[in-house]
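Once you've looked at the hints, go ahead and assemble the two chains, each given alone in its own frame, into the complex.
Residue numbers (the numbering used here), protein chains in the order written: chain R, 1 to 464; chain W, 1 to 176.
Among the hints, a few may not be true.
Computed beta-carbon distance windows for the label pairs [unchecked claim]: (1) W/D173 with R/R194: 22 to 28 Å; (2) W/N84 with R/W360: 51 to 57 Å; (3) W/E41 with R/I146: 43 to 49 Å; (4) R/Q105 with W/E41: 17 to 23 Å; (5) R/G33 with W/L59: 44 to 50 Å; (6) R/I152 with W/G87: 16 to 22 Å; (7) W/G86 with R/I146: 22 to 28 Å; (8) R/W283 with W/N131: 56 to 62 Å.
None of these hints come from the bench; they were simulated from the model.
Predicted model, so just to flag it, every value in this text is computed and none were measured.
We put the CB at the ideal spot given by N, CA and C, even for glycine.
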Amino acid sequence: MTTTATPEPSPVIGPGYNYGSITDKISLIVLTGNTPLSWFAGFAVSFAMLQLLQLAVVWTLLFGVGTWGINIPVGWGFAIVNFVWWIGIGHAGTLISAILLLFRQQWRTSINRFAEAMTLFAVSCAGLFPLIHMGRPWFGYWLFPIPNTMGIWPQFRSPLVWDVFAVSTYATVSLLFWYVGLIPDLGTLRDRARHRLTKIAYAMLALGWRGSARHWHRYETAYLLLAGLATPLVISVHSVVSFDFAAGIIPGWHTTIFPPYFVAGAIYSGFAMVLTLMIPLRWLYRLEDFITTRHLRYMANVMLATGLIVGYGYVMEAFTVWYSGNPYESYMLLNRLTGPYAPAYWALLLCNLVIPQLLWSDRVKACVPLLFGISLVVNVGMWLERFIIVITSLHRDFLPSSWGMYSPTWVDWGLYIGTLGLFLTLLFLFIRVLPMISIFEMRTLVPTAPAPAPAPQPTPAAGD
Amino acid sequence: MATLHGVMAEFDAPETLVHAADQAYRAGYRNLDAYSPFPIEGLSEAIGFHTNRLPLLVLGGGLCGAFVGFGLQYWVSVINYPINVGGKPLNSWPAFIPVTFEVTILLAAITAVLGMLALNGLPMPYHPVFNAPRFALATRDRFFLCIEASDPLFDRSTTREFLKGLGAKEVVDVDD
Numbered sequence: 001m002t003t004t005a006t007p008e009p010s011p012v013i014g015p016g017y018n019y020g021s022i023t024d025k026i027s028l029i030v031l032t033g034n035t036p037l038s039w040f041a042g043f044a045v046s047f048a049m050l051q052l053l054q055l056a057v058v059w060t061l062l063f064g065v066g067t068w069g070i071n072i073p074v075g076w077g078f079a080i081v082n083f084v085w086w087i088g089i090g091h092a093g094t095l096i097s098a099i100l101l102l103f104r105q106q107w108r109t110s111i112n113r114f115a116e117a118m119t120l121f122a123v124s125c126a127g128l129f130p131l132i133h134m135g136r137p138w139f140g141y142w143l144f145p146i147p148n149t150m151g152i153w154p155q156f157r158s159p160l161v162w163d164v165f166a167v168s169t170y171a172t173v174s175l176l177f178w179y180v181g182l183i184p185d186l187g188t189l190r191d192r193a194r195h196r197l198t199k200i201a202y203a204m205l206a207l208g209w210r211g212s213a214r215h216w217h218r219y220e221t222a223y224l225l226l227a228g229l230a231t232p233l234v235i236s237v238h239s240v241v242s243f244d245f246a247a248g249i250i251p252g253w254h255t256t257i258f259p260p261y262f263v264a265g266a267i268y269s270g271f272a273m274v275l276t277l278m279i280p281l282r283w284l285y286r287l288e289d290f291i292t293t294r295h296l297r298y299m300a301n302v303m304l305a306t307g308l309i310v311g312y313g314y315v316m317e318a319f320t321v322w323y324s325g326n327p328y329e330s331y332m333l334l335n336r337l338t339g340p341y342a343p344a345y346w347a348l349l350l351c352n353l354v355i356p357q358l359l360w361s362d363r364v365k366a367c368v369p370l371l372f373g374i375s376l377v378v379n380v381g382m383w384l385e386r387f388i389i390v391i392t393s394l395h396r397d398f399l400p401s402s403w404g405m406y407s408p409t410w411v412d413w414g415l416y417i418g419t420l421g422l423f424l425t426l427l428f429l430f431i432r433v434l435p436m437i438s439i440f441e442m443r444t445l446v447p448t449a450p451a452p453a454p455a456p457q458p459t460p461a462a463g464d
Numbered sequence: 001m002a003t004l005h006g007v008m009a010e011f012d013a014p015e016t017l018v019h020a021a022d023q024a025y026r027a028g029y030r031n032l033d034a035y036s037p038f039p040i041e042g043l044s045e046a047i048g049f050h051t052n053r054l055p056l057l058v059l060g061g062g063l064c065g066a067f068v069g070f071g072l073q074y075w076v077s078v079i080n081y082p083i084n085v086g087g088k089p090l091n092s093w094p095a096f097i098p099v100t101f102e103v104t105i106l107l108a109a110i111t112a113v114l115g116m117l118a119l120n121g122l123p124m125p126y127h128p129v130f131n132a133p134r135f136a137l138a139t140r141d142r143f144f145l146c147i148e149a150s151d152p153l154f155d156r157s158t159t160r161e162f163l164k165g166l167g168a169k170e171v172v173d174v175d176d
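In isolation and in its complexed conformation, chain W is listed as follows (with noise of 0.2 Å):
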């Protein structure tokens, strides 16, 4: 049979899988993470997740437009075809203004969709957690707390009686 991947919790107020996850946490748990079916404040801070480097991937994304769509309209009118329109000084930047805008924009935003999927590790069809028997619940009504085996502190009795002490409806092994 499969190896062990961890053991679930299964509860059916936020807020008790928030106490739930800060407990563990305070236990000494850190190879932890907790499902629910929709965002609930404070728990990822609770399982002790805290640096999110999505804000900075974003601000990146958006410079990185700015500067290809400035650069493009200024390598396109000065550099590569220069043309005289009425005028107009080669590097009229007030017109390009509107484009880089759109770029900086489109660029940032995918930026953040693709950067939030990628440091999610989406798309990933298979997960150890879809193995547990009610976890099709997480997307509906109920909330989990897995604790992993790759835990240092993690044993299989221990964290099970662990986990029933904190108000859960029921603990299952979940393999990998």
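Extracted from the complex, chain R is given alone in its bound form (with noise of 0.2 Å):
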């Protein structure tokens, strides 16, 4: 079993915390006024990734798309998987948050609140790709259905115009369900702020919050409901996402396993992310106390079973071009495991199909930093799963005369690493400025059986 002295019922909270220091631990490290040095450096290197996004984003705004890798018979590069890529993380924060709720999974609780920050910034950084995509963005709001001075309209038979309308409201709903997650905590950061300043801006989000029981009651109805209305929005996101693949007649996208295929692939890459950024989180603040290794295994197993199912449609995928006996869609695979691109296949299989296998074992999901590390083996397993189905399909299709290549340039690398940038800015800042994890919900883990005795004070809690 596990090595860390964690029994296999371990809890969910550390030993020894009452209501009080439960709040002071977490809102802390908000209202602290010494910022660890390590989040000085993190957000420094953030921030210099975030000025090569400024940079290509600029050079794309002035050049053109001409500037990118992409050309026919590619005319989706570098975007439309990096779009697809950050999407997908961003369903593990829905996921965690919203399903996880209505399974009454009480683990999710010290997970929940940073998955779906993470689920927000992961969006921000999908949706900039298919408006610098366009070629010319400033017509971008012409995909939503506003009357123009050409009277025409978006096309409402297509999947692109369905991604429009899933995507933009899976964005309000997460950031809708993110806020009102956070209104009681701010109400606590407002009641424990020194600063006036901080104490204003606090008291401003937090829009009166004073914990009264008729409006617990409706918050909880309300957040019940947003979970249940955030679960098939979620599915319907990435299933829509994969309809834009699927609705085309290439080789290798036309085909019915795509939506759950994708759905699976989306919620896989997101626990890596989850996993990538919680790993180092919970060790440099000191969280281990709510983030205990049996959050790091059950999001291990979350992140072994999607594995299953995605490795799972690789196999389908392959049976359905034998099955169907067409000579196309038979050249895709042949081209996919041995053409130009066979090194990325084979990579993407290593790491989706075989090393992540190493989470049946007990003793690689309690080692932490192996944990850590299969975790981004997944991600840029993931990253290279959606390149393969993008590039090699369009790449080779019916003739081969119209066949190329497609090597993205600077500025493709640009975007994809300055979005990873926007999207580290943005974490380091919401660390350091909101609670990364739900102080309510992480009273309601307070064992209520020995209720907080008024006389004796457990061990002093941190900081206070």
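The structure is reproduced here in structure tokens:
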């Protein structure tokens, strides 16, 4: 079993915490005057990467998408690869906050706030790509059904228009869900802040929350309803993203397995990203009592399960190719296995199918650095998967005379690395100014049987 | 000096608060509210709060969304700008379902959030209960019950004594 002295029914919260010490520990991360040096270091690196994004975006706007590697036949390059990758990462946040809430999985409590923030920032990164991929992004509003001078409308039969609705709804609902979850904690920060300006800022954001029983009642109803609404929404979003491909007739895209396979892949990559971010954070901020090895183990289990579904998707893709007897589909598979992009395909199988099988072992799941490594590998693997889907299908389709190759330029790489910078910059700001763990939900995890006795204080709480 | 809003009792455990709220309601107090750092099961029922119109509002929002979403696509594709695409019917409703679904979710979610805030009367930056000296702990680890002066049974001294008898740590007057 695990080597870290946590037996199987390990709690979702370390021992010795009461309502007050939980509140202090989480809120002090935000309200402290001493920002850890590691925060500054991480923020500086992320902010530098963000500058690369600015440069690449300005370059694209000035000189057009011709500065990218895209050309016919490969008109969808890194932009769509990154779009799908980022959107997929966001899905874990909604899964953790909504679906696990409906299933009453208590362990979600200490990771949901952070995962929701991750969703929001990942969707922001994703949204950037279709916009600048348009070539003339200043006409981006044509995507929305707004009457314009030409009197024409978006084509509602096209999955690309569905995508606009799905992604913008997803971004809005994720933001609402996240903010509603924050309101009571903003009230806590308002009441605990010492500096006047800080107090006013949190007071404005908390909307005057006072924890009234009537308010809690409606609040819980609203939260549950939002979870119920977000659950089908998250499934629909990546299904619609997969329709962008599946509704096309390109070999390798035109398949019915895409929606479930995309949704599973999204959750797979999202949980990998949560682990990638959570493992260093819990170590830096000493949050091992709140994000226990049990949380890591559960997340690894979800990763393993969704990874197997994705693996099933790969097998079914190959089976359908063989079973259909379609020569173009057969060539698509052959090209993936042996063509010019074969190394990426084999690397993808290694990253997504082979290495994650280590997670069957409890000893691997208990080894935090190894888990971190596997989560990075899965992130890379899922990016490669989207690369393979987009590039190999497009670069050699029906007519050999129209075949071509795709290679990204520095602008493509700049945009990709730049969005990583945007994502990390936003995350660093988030953990600095907002509680990264839901305080009020953590309070409900305090064992109620020995109600916090008035006289004896437990072991001195961290920081206060 | 300002008028009295009510008297507020402080408790140190959720069970005592629920018990006190229940007793106060049974004693006939109706204008009362309980404050806690996290949702407590049974507390809102204890102070006699049963009707919750939010789910109905959200259903309305969702239905509106479905209607608006489908209506928009129907109106655009059939009435305002009919265009024959590959012989597909103008009202090709199966293709309109994804957008209809997304707009349904969008409006339902917005209704859930705005409805919750509106029914709760938020945002409300000022409220008399914030005047209670230790009320800042209501968002940390303390539990409060406030019986308001507007209650017909309210009497400053008897209500104070009543709350003290329920195991309150401290009872204070809250000014408006």
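Okay, the hints, checked on the actual structure:
no., hint, in the structure
1, W/D173 with R/R194: 22 to 28 Å, "27 Å, holds"
2, W/N84 with R/W360: 51 to 57 Å, "56 Å, holds"
3, W/E41 with R/I146: 43 to 49 Å, "46 Å, holds"
4, R/Q105 with W/E41: 17 to 23 Å, "18 Å, holds"
5, R/G33 with W/L59: 44 to 50 Å, "48 Å, holds"
6, R/I152 with W/G87: 16 to 22 Å, "20 Å, holds"
7, W/G86 with R/I146: 22 to 28 Å, "26 Å, holds"
8, R/W283 with W/N131: 56 to 62 Å, "43 Å, violated"
The earlier numbered hint that this structure contradicts is number 8, and it is the only one.
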